[in-house]
Amino acid sequence: MDIDLARTWVQAIAAAVDKHKDHLTQLDSAIGDADHGTNMHRGFSAAVAALADLPPDTVGAVLVKTGTTLISSVGGASGPLYGSAFRAMGKVLEAPTADTEQFAAALAAGLHSVQQLGTAQAGDKTMIDAYAPALAAFRLTADSGSDFAAAALAAADAAEQGMRATTPMQARKGRASYLGARSIGHQDPGATSTALIFRALAETMASR
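As numbered in our numbering, residues 10 to 217 make up the sequence shown, in order.
Just so you know, not all the hints are guaranteed correct.
[To be verified] 30 Å max Cα-Cα, derived DSSO-like pairs, lysine-lysine:
(1) K30 <-> K182
(2) K182 <-> K100
(3) K182 <-> K28
(4) K30 <-> K100
[To be verified] Label pairs and their in silico Cβ distance ranges:
(5) T176 <-> L63: 37 to 47 Å
(6) A104 <-> A61: 36 to 46 Å
(7) D152 <-> Q125: 39 to 49 Å
(8) E103 <-> A58: 34 to 44 Å
Since the hints were derived computationally from the structure, they do not count as laboratory data.
Here the structure is a predicted model, which is why all the values come from computation and not from measurement.
For glycine and all other residues, C-beta sits at the position ideal for the given N, C-alpha and C.
Full structure from sequences and hints, please.
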């Protein structure tokens, strides 16, 4: 990945969130505050605008700026969680390009940041349930000798599987946890937006 692809990835996320924002809000209305789609749309739209004024010199600079913008423009839990993930990823990538191994390390740093901030683990019905399997699939595919695009595609597929797997779970973190057993049967909106982020990465890398 280079600087232009990093910027294109953020633009692709913004486009995906714009397309699916009503669905994200619908999911969030069942088990949350009914604002996830609106918040994510505002945050990534602001990130695209912020990057338009930034002449980054590293891949990391693109992601750090994205994260900082998300934190400052998105309310609720989404801004800090997604923002910290992008900032943590960016801090690992200090060169104009990032290879598959370096990007895997960045994704791992992002996941660690989210887990530290939100104290969630796999199975809690959160964005972790899409992010953790995506990271595992990215690493496994990269370690097998496949290229960045193949690793990103595997990550996107795994994220979507993880997203769907949240439906029968009972939420143990966040606003949804207050519903107890009533959270069962609803797909987690955070896992859904995380899957959109990984699918945007796969599509960005496939179009190089």
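Unmet hints by their number, sorted upward, for this structure | 6, 7, 8
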